[in-house]
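> Chain by chain, the residues:
Number of protein chains: 4
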Amino acid sequence: MKLTRKRLAHIVFESDDAASKRFDVVLLIAILGSVTITVLDSVRKLHDAYGTIFYMMEWAFTILFTMEYILRVWLSRRTTGYVLSFYGLVDLLAILPTYISLVVANSHFLAVVRALRFLRVLRVLKLGRYMREAQMLTEALHNSRMKIQIFLGSVITIILVMGTVMFFIEGPESGFTSIPMAMYWAIVTLTTVGYGDISPMTPLGQFMASLIMLLGYAIIAVPTGIVTSEINAAKNKKRNSDDQRTCHTCHAGNHDEDAYHCKYCGTRL
Amino acid sequence: MKLTRKRLAHIVFESDDAASKRFDVVLLIAILGSVTITVLDSVRKLHDAYGTIFYMMEWAFTILFTMEYILRVWLSRRTTGYVLSFYGLVDLLAILPTYISLVVANSHFLAVVRALRFLRVLRVLKLGRYMREAQMLTEALHNSRMKIQIFLGSVITIILVMGTVMFFIEGPESGFTSIPMAMYWAIVTLTTVGYGDISPMTPLGQFMASLIMLLGYAIIAVPTGIVTSEINAAKNKKRNSDDQRTCHTCHAGNHDEDAYHCKYCGTRL
Amino acid sequence: MKLTRKRLAHIVFESDDAASKRFDVVLLIAILGSVTITVLDSVRKLHDAYGTIFYMMEWAFTILFTMEYILRVWLSRRTTGYVLSFYGLVDLLAILPTYISLVVANSHFLAVVRALRFLRVLRVLKLGRYMREAQMLTEALHNSRMKIQIFLGSVITIILVMGTVMFFIEGPESGFTSIPMAMYWAIVTLTTVGYGDISPMTPLGQFMASLIMLLGYAIIAVPTGIVTSEINAAKNKKRNSDDQRTCHTCHAGNHDEDAYHCKYCGTRL
Amino acid sequence: MKLTRKRLAHIVFESDDAASKRFDVVLLIAILGSVTITVLDSVRKLHDAYGTIFYMMEWAFTILFTMEYILRVWLSRRTTGYVLSFYGLVDLLAILPTYISLVVANSHFLAVVRALRFLRVLRVLKLGRYMREAQMLTEALHNSRMKIQIFLGSVITIILVMGTVMFFIEGPESGFTSIPMAMYWAIVTLTTVGYGDISPMTPLGQFMASLIMLLGYAIIAVPTGIVTSEINAAKNKKRNSDDQRTCHTCHAGNHDEDAYHCKYCGTRL
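Chains as they are written, first to last, in our numbering: chain P, 16 to 284; chain F, 16 to 284; chain L, 16 to 284; chain B, 16 to 284.
Some hints could be false.
Note that the list lumps identical chains together, so a pair holds whenever it fits in one copy or between two copies.
As the list claims (entries may be wrong) - Derived SDA-like pairs (lysine to any residue); straight-line CA-CA distance at most 25 Å: (1) K60 to E73; (2) K250 to T94; (3) K36 to L86; (4) K250 to R160; (5) K141 to F101; (6) K36 to Q164; (7) K60 to D212; (8) K250 to Q164; (9) K60 to M71; (10) K60 to R132; (11) K250 to G143; (12) K36 to E188; (13) K250 to N158; (14) K141 to V176.
Simulated from the structure, these hints should not be mistaken for lab results.
Bound-form chain P, shown alone:
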């Protein structure tokens, strides 16, 4: 088969035949490999021992991703559309740091260069392209957006009021040095994380802390209830759209599973 531009575009953007699937698998491995290297390189011991190998592999991955980026820019129907899309920006951010580190290495902006290097980890977001089944989940989350906002609003109010109260009760001696610090403690407590780096010392403070803990323990039920209810709704909707029967008279679809007659014109299905 000749490698025409149309054929190439099919390989890059689709995944329904052998060649396009192989392209996807190679990219997937490259993404996982490059992220793994960035992570391992941050461990001092491994950096000291294998730093040169990591550096060379990083360049290999960067060249591969650069080629992929050029291909996508060249092959996409609306070039600016791709470049400015979410994945277009992620693809660019995944290759830029390596090139910039080359240019800036001679200057003194070493801290900035270090920071940029870790942007490479964002390559993991490119995996999002391969998660098509996530639709129902994101739909459920999207539908419960309003309720989750109200819930978060209430939680933040509780944290603000409780943080202020605890700052006043405990004071700087117990580590509650300011309201923001006391709010940090309130979040650590309400979400039941409980580091223990700051914890109340006075009996009254411990009583208030107990209230926050029981509150946090009880209100976790709210987001759970919201999401469960939405997932149920999304499921029922999906089940209905799975019913493929079409009415012979009025051609209407979307019938319930238990329907015997068309709900629009009354014809037997």
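Since chain P is already given, all that's left is putting chains F, L and B on it; use the hints.
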């Protein structure tokens, strides 16, 4: 448009045209701003650097809220009704501390003044006016009130009994200096917060602690189940009240909103 | 009204008129009061300051509960039935320790006496008599008993295997001194309590710990799902039994809310 | 009854008469006993005091399980099928370590021998044979496999990105010595375990940590929602498959098991 008293009342109490919406937005920003300043002012570094600016902005917000309070008192149909309502009291508590700090500053009651200053954070409760969509959530919580009370009663009994048992097993050496302290530990453990400031040292104590943890891990399912079930019920109620039609022939209900014929027997609804 | 034995039994065992309700309220306050005193007496400072008052009040409550116990034994139809019932034993355990402490005080078994004193806290279980609305909750828990057992079995297996693996990986240096201690750590981690008194130090141990945490985070969904599903089922059942309609022909009850005809004989309801 | 091979196979593989049930109970006790001994033997004090008894009991259990293994190999219809099955491998791994420790004891591979000894704990997996009621639970988990994978994928992405960000913000001074270490911290925080061995020190780091905590607190709702929804579905499926009857007149389904007439139109089912 002339600014009559009726027009002003509309702007202050409603939010359905440009002027009243602008009024709401200005107030919202002022509330968030004044709360932010109170929070930031509690950080010693920021207080030392920007204390004067914070003080001036605090007065600006206080004057603004005072004007809002006077407007609301003047414009509301039943003045005492507003003054004694929840939001009336919050509005008053949000401006009082600044004025009191002015009066009391010359005296020696500095600790009291400090405490009063943080009452300003309560202004955040004024945001509640803008959260109208919370109705279904609060209804679900209200319906499961009885069950949540029983659940909290059981949790408090577990905490009391377990606290007493652990106080006897561990004793003051491990930090379980009294039953209230042991109950505080039991709350920290049952709610899975786990600060680690007090933790059992003896094998028997660690065994009892394991039981409490597994119990806390299992019974969190109860409030979650209650709330989920209530949210489902609130949802079904809403959906059912959306369509009350019943088939005349087979008496089947539960028809879709867009149905013209019964889906079971085909009769015209 | 003359205080016959029958009238007294009504006051003690029922709660449907003024006198019996007053009896319940007095007992409720006495239970809460006596438990509060036991708890407060365990705080050294309060014991030193108010020890004598606590001692006197303790005796007052004990005499009151002794009178209640004698009344219940005398008035109950089947005396042995009450004495050996759950609440009969709780009532006895609530008064015995005070008397025993009197007898044993002269001997050297001080530690035993101390332990017995805290048995008084069990009086809180007497409150169970007043929690009649708990039925639906306990029914839901009872129905999901089997599934909760399987869930706990799986959790204990995970804890045993993970504890053994971590004991081998980490060893005594990190605090994993034995398999039971490592299992204690596994429980602390899986239930997301996380004291931090023992935590893995080696990279492999931290990797295994991460797996346990994510597992614990994911499988908490299982008991929640079980209980939610049971509460829904209990609710539907209750709703059905709320339908009070009875068939005129066959006198059958228990009809669904949406039923138009008796499901047993077909008569119009 | 003569102990033929067929009879023996019945006793070993089934559990529907007295003899086969007795065989199961003996094995169950032996499994629990041998696991308990391995666990207790890991406690130094108990090992020093009862090491010899543990050693002898361990050999008794090993001989018993060896006999069971030989029986199962001999009696199973397809010998290789059993040997290579999951439980076949567990049965072998449960007896091998004791024999190997005998052979290797004379050599210097003591560390390996110690490790192998703890493989005995895997015997607990043999209990899985007796958990037949777990079917509905595992089915629900199996059905939500895809969604749980997507959820775990998202969680791992959050952990990777947040770990990298925190490594850059906090640096080695606060214990974030490398990206893997920062990812370990992110897992400890997101799952609300919160050991406190590593915790953010800078204000920006504490702000980012607060975001992760609130995120972890909110997204635990997702697996819970998924599993609850699947358990409900499994339950409805079971209930519906219990009654497949449809009314001949109005085609309504969903009849109660004890119904004789359609509850909507009264027709005989």
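> Compare the structure with each hint and give your call.
We went through each hint and held it up to the structure:
In this assembly of identical chains, K60 and E73 lie within 25 Å of each other by CA distance solely inside one copy; the values are 18 Å within and 43 Å between copies. Proximity of K250 and T94 under a CA criterion of 25 Å is satisfied in neither setting, with 37 Å inside one chain copy and 45 Å between copies. Taking CA atoms no more than 25 Å apart as the test, K36 paired with L86 passes inside one copy only; the shortest distance there is 16 Å, against 49 Å between copies. Proximity of K250 and R160 under a CA criterion of 25 Å is satisfied in both settings, with 17 Å inside one chain copy and 15 Å between copies.
Taking the shortest alpha-carbon separations for K141 and F101, only the intra-copy value of 10 Å comes in at or below 25 Å, while the best inter-copy value is 37 Å. In this homomeric assembly, K36 and Q164 come within 25 Å of each other (Cα to Cα) only across copies, at 21 Å, whereas the closest approach inside a single copy is 39 Å. Taking the closest pair of Cα atoms, K60 and D212 come within 25 Å of each other only across two copies (21 Å); inside a single copy the shortest separation is 29 Å, beyond that limit. When the C-alpha separation of K250 and Q164 is checked against a cutoff of 25 Å, the pair qualifies both within a copy, at 23 Å, and between copies, at 18 Å.
For the homomeric pair K60 and M71, the shortest alpha-carbon distance inside one copy (18 Å) is at most 25 Å, but the shortest distance between copies (46 Å) is not. Taking the shortest alpha-carbon separations for K60 and R132, only the intra-copy value of 18 Å comes in at or below 25 Å, while the best inter-copy value is 33 Å. In this homomeric assembly, K250 and G143 come within 25 Å of each other (Cα to Cα) only inside a single copy, at 23 Å, whereas the closest approach across copies is 32 Å. In the homo-oligomer, the alpha carbons of K36 and E188 never lie at most 25 Å apart, since the shortest distance is 61 Å inside one protomer and 45 Å across protomers.
Proximity of K250 to N158 under the C-alpha cut-off of 25 Å is found in both arrangements, the shortest distances being 13 Å within a copy and 13 Å between copies. Proximity of K141 to V176 under the C-alpha cut-off of 25 Å is restricted to the inter-copy arrangement: shortest distance 13 Å between copies versus 40 Å within a copy.
Going through the hint list in order, the structure does not satisfy hints 2, 12.
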